[in-house]
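Colleague: Numbering (our numbering), first residue to last: 1 to 263.
It should be emphasised that the hints constitute simulated quantities derived from the structure, not laboratory data. Check before you lean on any hint, since a few could be wrong.
Straight line, CA to CA, 25 Å or less: simulated PhoX-like cross-link-like pairs of lysine-lysine [to be verified]:
(1) K198 to K169
(2) K198 to K233
(3) K158 to K198
(4) K158 to K169
Now the in silico label distances, taken between C-beta atoms and shown as ranges [to be verified]:
(5) Q240 to V10: 20 to 30 Å
(6) P36 to R228: 18 to 28 Å
(7) E123 to R20: 27 to 37 Å
(8) R34 to L154: 38 to 48 Å
(9) E234 to P36: 19 to 29 Å
(10) L127 to S247: 42 to 52 Å
(11) P36 to N174: 13 to 23 Å
(12) G106 to L183: 34 to 44 Å
(13) A248 to D96: 43 to 53 Å
(14) D177 to E52: 35 to 45 Å
Source: prediction; values computed, not measured. From the three backbone atoms N, C-alpha and C, an ideal C-beta is built for every residue, glycine too.
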Amino acid sequence: LEGLAAGQLVLHHQPKRDIRSGRICGVEALVRWRHPTRGFLPPDRFIPLAEETGHIRALTDWVLAQAIEHQAAMRLAHHELEMSVNISGRLLSDPDFGDVALRLAGQAEGRLCFEVTETAVIENPELALALIERFAGAGLHISIDDYGSGLSSLAYLKQIKANELKIDKAFVLNIADSQRDALLVRSTVDLAHSLGLKVTAEGVETDTGYAILAAMGCDVAQGYLIARPMPLKELLTFLQEDRRANSAVSAGWTPVAGVGRGA
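Take the sequences, apply the hints, and build the full model.
Modeller: Shown next as structure tokens:
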């Protein structure tokens with residue numbers, strides 16, 4: 001991947017808010033390609049290419065190492081947050097990747113979460129489930145990402161040793177207007193909780209949607225209402241401002257809708 005060799009890749013982070021406490025509880029690491037002629041490229045523009053060409057391994061190693069460094073910087077600024085990193089399904093059948101990932105994870109100064117898609121597990125279940133169990137046994141948290149976007153299988157959901165289930169944004173974006181989406185989200189929240197999983201909703205963009213998710217018992221919200229993905233320097237500023245806003249609410253100030261949230 002030329003962007004990696006040329007030093008054009010950067011890591012952004014999107015905050016995740018605990019709905020009950022109102023506090024930021026973690027961030028998801030998201031890679032961006034700062035292309036010299038095409039500008040910022042989102043991951044869906046180059047991740048599939050990296051998977052097809054075999055460069056996904058080098059890219060993921062880089063992202064994981066950078067995420068661990070950034071988590072240490074957050075901790076230095078007194079923000080103890082879980083760092084989530086996406087793991088391609090192509091790597092779940094690579095034991096050598098497991099060795100490297102665990103070695104890097106051993107350097108982390110905070111909790112790490114590996115996000116894997118359910119479809120990735122379905123492609124090669126025996127190897128994928130074994131590696132996921134190995135990660136979980138080493139103390140890493142496992143998140144089932146984009147749940148509902150593919151052929152969701154209760155059989156695999158039961159087998160995956162996970163801590164979190166992330167509901168795909170396709171079901172969350174219109175939760176206030178679509179009774180069908182609302183019903184699917186509510187049933188997913190109930191199902192996940194019955195399996196002992198924390199539930200994160202992706203694509204939260206409105207106060208109404210946030211309130212509906214809270215009423216459903218969803219645990220964590222992630223989306224543009226909370227904040228857009230941002231580089232580390234901006235993230236540290238955001239976290240500091242969000243902490244002040246939460247302190248003001250705790251001190252008795254009347255909160256204004258959207259306070260402490262990003263654009």
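Colleague: Within 25 Å, alpha carbon to alpha carbon, are K198 and K233?
Modeller: Answer violated: K198 to K233 is near 29 Å, above 25 Å.
Colleague: Go ahead and decide if the range 34 to 44 Å is satisfied by the Cβ distance of G106 to L183.
Modeller: holds, 43 Å
Colleague: Starting from the hint 19 to 29 Å, judge whether the C-beta atoms of E234 and P36 obey it.
Modeller: holds, 22 Å
Colleague: How does the Cβ-Cβ distance of A248 and D96 compare with 43 to 53 Å: does it lie in that range?
Modeller: holds, 49 Å
Colleague: Could you say whether the range 27 to 37 Å given as a hint is met by the Cβ separation of E123 and R20?
Modeller: Holds, since E123 and R20 (Cβ atoms, about 35 Å apart) stay within the stated range.
Colleague: State, for the Cβ atoms of D177 and E52, whether the hinted interval 35 to 45 Å holds or is violated.
Modeller: Since the Cβ atoms of D177 and E52 sit about 37 Å apart, the hinted range of 35 to 45 Å holds.
Colleague: Taking the Cβ atom of R34 and the Cβ atom of L154, is their distance within the range 38 to 48 Å?
Modeller: holds, 41 Å
Colleague: For the pair supplied as a hint, K158 and K169, is the alpha-carbon distance within the 25 Å limit?
Modeller: holds, 22 Å
Colleague: Under the criterion that the straight-line Cα-Cα distance not exceed 25 Å, is the pair K198, K169 satisfied?
Modeller: holds, 16 Å
Colleague: Using the beta carbons of P36 and N174, state whether their distance is inside 13 to 23 Å or not.
Modeller: For N174 against P36, whose Cβ atoms are near 37 Å apart, the range 13 to 23 Å is violated.
Colleague: Given the range 42 to 52 Å, decide if the beta-carbon distance of L127 to S247 lies inside it.
Modeller: holds, 47 Å
Colleague: Holds or violated: 20 to 30 Å for the Cβ distance of Q240 and V10?
Modeller: This hint holds: roughly 21 Å between Cβ atoms.
Checked against the numbered hints given earlier, the structure breaks hints 2, 11 and satisfies all the rest.
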